[in-house]
Amino acid sequence: MAVVRDIMAPFDLLQPSTAAEAQRLLARYGADAWVLAGGMDSFDWLKDRIKKPAVVVDLSGVTELRGIRPWNGGLEIGAMTTLAEVANHPGVQKNFSLLADAVRHVASPQIRNQATLGGNVSQDVRCWYYRAGWPCYRAAGETCFADTPVGRNREHAIFGADRCVAVHPSDSAPALIALGAQFVLRTASGERVIEAEDYFVGPNREITRINLLQPGDLLASIRIPSDFAGARFYFEKVRDRNVWDFPLLNVASAMRVSGGVIQSVRLAVNAAAPTPLRLRRVEAAVAGKPPDASTGAMAGELAVQGAVPLQFNAFKIPLMRNLVKRAIGGVEKAVWA
Amino acid sequence: MVQLKLTINGFGREVLVQAHETLLFTLRERLALTGTKPGCEQGACGSCTVLLDGRPVLACLTASVRCGGKDIVTIEGVEQNGELHPVQRQLVAKGAIQCGYCTPGIVMTALAFLRENRRPGENDIRAALAGNVCRCTGYAKIVEAVRAAAEEMAR
Ligand SMILES: Cc1cc2nc3c(=O)[nH]c(=O)nc-3n(C[C@@H](O)[C@@H](O)[C@H](O)COP(=O)(O)OP(=O)(O)OC[C@H]3O[C@@H](n4cnc5c(N)ncnc54)[C@H](O)[C@@H]3O)c2cc1C
Ligand code: FES
Ligand code: FES
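In the order they appear, the protein sequences are chains H and L. Residue 1 is where the first sequence starts when you use the numbering used here, and the numbers rise one by one after that. Residue 1 is where the second sequence starts when you use the numbering used here, and the numbers rise one by one after that.
Next comes chain H alone, as it looks inside the complex:
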């Protein structure tokens, strides 16, 4: 107790008003610079003094990165748009309620008033050891403190671990993957548009990174194509408390059903692996089948094939099986005996 956490180490704060200026500043300071969006993840690092950037580039004055506009029948959401703005936007609610639903499950109402969508997909992992500044693999060290017989790993990965077993914590990411969103990056070599699922970088590729952004890069916006506008959606998040807590697991699906069978579907989970996982094998297996309990059960079984639990997180396997089952087969009505 009585540890004063509120005092951050000094840094220079730069407040550009255009994206181009922000990029120039980021290019100049490179790895010494920190991008500040809503700050809900950033201040944690800065207050704990685990990260000590010399320069912080505040994007809050860059109005072009904010707001939601029509795009090709779908929507383009500026990276600096807050989660509350996303959740309350009529176009998001009408056609892409999956995303509204997902962001409403993030943190708390106050946090959603400041947290941005760009920050939500770009946030770092929440493994305690890493967040507390332990010299783990992800922090360029030589061990993983969570993956030991006594490590606290109840929240950690059942898929895709590679030395680091931390999971990706974003609630919006699986919804964006299910909607087939595209991320618009501004890099030194110009604009780059990538599929949502390709934004995330796992430890097998580069252990000290979480996404494709290099120092100097910006995430400018997220585009949601019209493909699944008004489709059948499912989002569910399981967490220890109904507020604040990060997902132990979440699932998002978008599907088109016609003639009683699944015409097209996209399905993703998060907090199962170091990156959000798109479940392509399951998508392929359920296509052309009715979205009912038996297809759901098959989907659930398939989804967890190959899962590797750690000491304390085996519960995530049946959890994921059930979430996927519901996301594909729907939720049975509760029967009260």
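These are computed hints drawn from the structure, not numbers from a lab. Some clues are possibly wrong.
Here are the computed distance ranges between Cβ atoms for each label pair [as the list claims (entries may be wrong)]:
#1 L:Glu-14 / H:Asp-240: 40 to 48 Å
#2 L:Thr-7 / H:Thr-143: 47 to 55 Å
#3 L:Arg-89 / H:Ser-258: 52 to 60 Å
#4 L:Gly-12 / H:Arg-69: 31 to 39 Å
#5 H:Glu-332 / L:Asn-81: 56 to 64 Å
Stretches of chain H that chain L covers, calculated by requiring three or more beta carbons in the stretch to come under 8 Å of a beta carbon on chain L [stated by the list, open to error]:
#6 54 to 63
#7 104 to 113
#8 241 to 247
#9 302 to 315
Listing some non-contacts, in silico: residues in chain L with all C-beta distances to chain H over 12 Å [unchecked claim]:
#10 Arg-55
#11 Gly-82
#12 Glu-83
#13 Cys-99
#14 Met-108
#15 Gly-121
#16 Cys-136
#17 Glu-144
Backbone N, C-alpha and C define an ideal beta-carbon position, used for all residues, glycine too.
The hints should help you fit chain L with the ligands onto chain H, whose structure is shown.
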């Protein structure tokens, strides 16, 4: 140091702040507005809630330098001419305050909520207050008080 001009509780204020300073620090340590309470200082309790341009935000996770030109309301600005706001009055009346540490944050959140929800149901109130921890009351009386305040304000 950065010279900031902002409106706090209806008054224009000028204050020198550091770039790496939170609004929580500026309010309490520079402006002596200690009604806004530091709890966890990491976004997970809501005791530091203030209104920034009308929306409840966490002062502990807000950079002061971003508040230039903005309108801030803290618990000190809620009573009018010595008269408590209905939310405050009802929290007292319903016994929804024990140690009182969470109360300023609860009041700020409830205020913004009631401005937009004139006849809220219990579930709406619970959802709106979900970001404010109270370690004493068990919440039932807080919810009751907010509902009573809504009724009082609708009269
Ligand atoms: C108590 C608490 C509970 C939380 N619970 C949840 C939860 O349940 N679910 C969940 O998903 N999240 C949760 N979060 C994490 C929360 O920080 C994110 O949800 C939030 O959306 C981050 O957005 P931000 O704008 O505040 O990001 P910031 O903190 O400003 O940025 C996050 C990271 O992304 C980078 N970044 C941000 N925007 C850009 C951009 N445009 N270009 C390049 N880089 C960028 C920053 O440099 C930083 O590294 C919680 C946070 C707290 C404090
Ligand atoms: S002190 Fe700000 S949320 Fe707890
Ligand atoms: S009254 Fe003590 S924390 Fe709420």
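Outcome of the hint check:
1. L:Glu-14 / H:Asp-240: 40 to 48 Å: Distance hint for Glu-14 of chain L, Asp-240 of chain H holds at roughly 44 Å.
2. L:Thr-7 / H:Thr-143: 47 to 55 Å: The hinted range 47 to 55 Å holds for Thr-7 of chain L and Thr-143 of chain H, with Cβ atoms some 51 Å apart.
3. L:Arg-89 / H:Ser-258: 52 to 60 Å: 57 Å, holds
4. L:Gly-12 / H:Arg-69: 31 to 39 Å: Given range 31 to 39 Å: holds, Cβ gap about 35 Å.
5. H:Glu-332 / L:Asn-81: 56 to 64 Å: 58 Å, holds
6. 54 to 63: holds (count 3)
7. 104 to 113: As far as the stretch 104 to 113 of chain H goes, the hint holds, because 6 residues have Cβ atoms under 8 Å from chain L.
8. 241 to 247: holds (count 3)
9. 302 to 315: violated (count 0)
10. Arg-55: At about 5 Å from chain H, Arg-55 of chain L fails to clear the 12 Å cut-off, so the statement is violated.
11. Gly-82: 29 Å, holds
12. Glu-83: About 27 Å separates Glu-83 of chain L from the closest Cβ of chain H, which puts it past 12 Å; holds.
13. Cys-99: Holds: least Cβ distance 16 Å, greater than 12 Å.
14. Met-108: 9 Å, violated
15. Gly-121: Since the minimum Cβ distance to chain H is about 16 Å, Gly-121 of chain L lies beyond 12 Å and the statement holds.
16. Cys-136: 18 Å, holds
17. Glu-144: 20 Å, holds
Going through the hint list in order, the structure does not satisfy hints 9, 10 and 14.
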